[in-house]
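Enquirer: Each chain, written out:
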Amino acid sequence: MKRFIGFVKKEFYHIFRDKRSLFILFGMPIAQIMLFGFAITNEINNVDIAILDHSKDATTTEIINKISASKYFSIKQMVNSEADIASVFKKGQVKAVLTFEKEFSKNLIKDHKATVQIITDATDPNTANTISNYVNAILQKYQKELNKDLTITYQIVPKTRMVYNPELKGVYMFVPGVMTIILMLVSAMMTSISITREKELGTMEILLVSPIKPLQVIIGKVFPYIFLSVINAVVIVMLSIFIFNMPVQGSFILLGFESVLFIISALALGILISTISATQQTAMMISLMGLMLPVILLSGFIFPISSMPMPLQVISNIIPAKWFIIIVKGIMLKGVGLQIIWKETLILLGMTVFFIALSVKKYKIRLE
Amino acid sequence: MGISVNHISKSYKNVKALQDISFDVKPSELFGLIGPDGAGKTTLFRVLTTLLIANEGTATVAGFDVVTDYKKIRSNVGYMPGKFSLYQDLTVEENLHFFATIFGTTIEENYDLIKDIYVQIEPFKNRRAGKLSGGMKQKLALCCALIHKPKVLFLDEPTTGVDPVSRKEFWEMLKRLQQKDITILVSTPYMDEAALCDRIALIQEGQILEIDTPEAIVKHYPKQIYNVRANNMYQLIKSLNDYEYNHSVYPFGEFIHYTDKRKDFNPDQLLVFLKSNQLSNIEITETVATIEDTFMELAK
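Chains Z and Y, in that order, are what the protein sequence lines are. Take the first sequence: its letter number 86 is residue 86 in the UniProt record's numbering, and every next letter is one higher. Take the second sequence: its letter number 232 is residue 232 in the UniProt record's numbering, and every next letter is one higher.
Don't read these hints as lab results, they were simulated from the structure. Don't take every hint at face value.
A few chain Z residues that don't get close to chain Y, going by computed Cβ distances all over 10 Å [what the hints assert, rightly or not]:
#: 1; residue: I5
#: 2; residue: Y13
#: 3; residue: H54
#: 4; residue: F89
#: 5; residue: I206
#: 6; residue: S210
#: 7; residue: F257
#: 8; residue: L349
No farther apart than 27 Å at their CA atoms in a straight line, the calculated lysine-lysine pairs in the BS3-like style are these [claimed, not checked]:
#: 9; chain 1: Z; residue 1: K19; chain 2: Y; residue 2: K115
#: 10; chain 1: Y; residue 1: K149; chain 2: Z; residue 2: K361
#: 11; chain 1: Z; residue 1: K2; chain 2: Y; residue 2: K13
#: 12; chain 1: Y; residue 1: K125; chain 2: Z; residue 2: K364
#: 13; chain 1: Y; residue 1: K83; chain 2: Z; residue 2: K199
#: 14; chain 1: Y; residue 1: K72; chain 2: Z; residue 2: K362
#: 15; chain 1: Z; residue 1: K9; chain 2: Y; residue 2: K115
#: 16; chain 1: Z; residue 1: K364; chain 2: Y; residue 2: K16
#: 17; chain 1: Y; residue 1: K83; chain 2: Z; residue 2: K9
#: 18; chain 1: Z; residue 1: K9; chain 2: Y; residue 2: K149
#: 19; chain 1: Z; residue 1: K361; chain 2: Y; residue 2: K115
We put the beta carbon where it would ideally sit given N, CA and C, even for glycine.
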């Protein structure tokens, strides 16, 4: 036990004396959460649009006023002819152009029908889609106001209600994902680097020719990072609560327990990586390419798993991050307890045990 | 006790690093492995410290088999690898403390063993190991390898890259450790250090050329060696190499070590030859063989 404590103490010296890594360790979670929370978002706000109004009558003016009054759009300029539309798009000044046909008001009254064209810049398809939906919504609302005296028989009224994230805030989706990425990165990359560093510097040779047991080395390496990762997890949750007002519906204790479980599985992966890489650089590359990319792309963090092709859906099952994201979303947003997420927890637990067993088995007691 | 090596062979992919190596090191003997870089010294150390498994042969260290009893060897030997292998970001004291702890002992318990060495680095005990000079690093590494009072000490090229004064001090320390019943196996590429060992093994290309005391090895040298000197060193080497009766020509400090093929060689004949090659101030004197001469002769 004294040996183990001595070893852990040494690990903490390494961590606290490497100021640069320490800065990355604690600076990264904050920077990432801020980035994803504020900058990278799929909500639209103050999108610049242009208007081509051929009719310039009372109705179109009213519609334009309604659009510019919403917080989603700001009308950047008025276009005078069809020919100008292409040039404003090319300049990239606006994301969408609304074209009202000639004699809009008159047509509406006479024919009970008038058209408005929404042209969007689909170089960014998601934004284009969102813009057209929002404009549609505004037009529909206006139409309802016009028809308020009218009663239409047989009417289907869809009433959409968004649950768990009623305001459709992007940050709600990103927090579990960012938490997963950070914990994975800190745990797996840092441990794999710290073990390969011993190999690279030759200190592993001396450690091997000593009575210290492989399990003591592995746990001694992992222990400080469990501690640091837990701090990171707490920082992320605090930031999301206090800065983004994200609610935590479920139990903090359960969230903490699940996080520790995920951290341990990531650490075990880190040890596994260190057993197959000889240098710190290889360890870092494998961690980044082999862990980060799948975590970002296949865990359901950014792209929904259900819309992936079948083979990728199958592969996503072996990624621990996928299960952890489901668990975190469940606890934070839906407030579910262990009775709902026991299956995911069990899978994560199984993976963790498997990785630890494999890494202890693969740990080399000699140089070859 | 000591070390016993029986017919050890070890090869990496295509390279035969060790070929049929056998020797014994007696308890509390200071045994030297002398050979150039790439001779297989480090591989042999790694086999004996249980870091590598030999392809053939057996070996015991302190009475334990290197394969089956590797755990016992690991707690009973001290190993100082050729490359400086301590934690550079830990201070001198922290390094020593760490190694004492993982060997289940304390600095105080075995302080008398390392005292002579440690007092020299103690003024720098709060300095990071990475910031020490070469000699200091080696002294610290030796302290760390000794802190658990090992029965056998393995030192792989401990004085490479160390200044001459520190080298001398280092060897004096080894002599003192020997008095404390520690068996020492040390490797070095420096022939002058070989003379300080009780016995030495000359090793080259994975094979042992000869094992004996340094005195005996020198005595076995078959020929009379002459120190030759002249006004132009370069011309002298060239001329001697062209001389049809030469057996060996090696530069050795300010002299050339020369041996002749003939049994009834008379230095005057060489003098005449060298004079005819436009050399002046020629000096030819008899000298005794060194370990380096022996090594060169055996490695021929």
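Enquirer: If a hint holds in the structure, say so; if it does not, say that too.
Expert: Hint check results:
1. I5: Z/I5 not clear of chain Y: closest Cβ-Cβ about 8 Å, inside 10 Å.
2. Y13: At roughly 6 Å from the nearest Cβ of chain Y, Z/Y13 sits no farther out than 10 Å, so the non-interface label is violated.
3. H54: holds, 73 Å
4. F89: Holds, because the least Cβ-Cβ distance between Z/F89 and chain Y comes to about 57 Å, which exceeds 10 Å.
5. I206: violated, 5 Å
6. S210: Incorrect as stated: the minimum Cβ-Cβ distance to chain Y is 5 Å, not above 10 Å.
7. F257: Its Cβ never comes within 10 Å of chain Y, the nearest being 32 Å, so this holds.
8. L349: The claim holds: Z/L349 sits with its nearest Cβ about 32 Å from chain Y, beyond 10 Å.
9. Z/K19 x Y/K115: violated, 34 Å
10. Y/K149 x Z/K361: Violated. Y/K149 to Z/K361 sits at ~31 Å, over the 27 Å cutoff.
11. Z/K2 x Y/K13: Violated: Z/K2 and Y/K13 sit about 41 Å apart, past 27 Å.
12. Y/K125 x Z/K364: violated, 33 Å
13. Y/K83 x Z/K199: holds, 12 Å
14. Y/K72 x Z/K362: holds, 22 Å
15. Z/K9 x Y/K115: Holds. Z/K9 to Y/K115 sits at ~25 Å (cutoff 27 Å).
16. Z/K364 x Y/K16: Roughly 23 Å separates the two Cα atoms, so the pair holds.
17. Y/K83 x Z/K9: Status holds; Cα separation ~24 Å.
18. Z/K9 x Y/K149: It holds: about 23 Å lies between the C-alpha atoms, which stays within 27 Å.
19. Z/K361 x Y/K115: violated, 40 Å
Hints 1, 2, 5, 6, 9, 10, 11, 12, 19, counting from the list given before, are not met by this structure.
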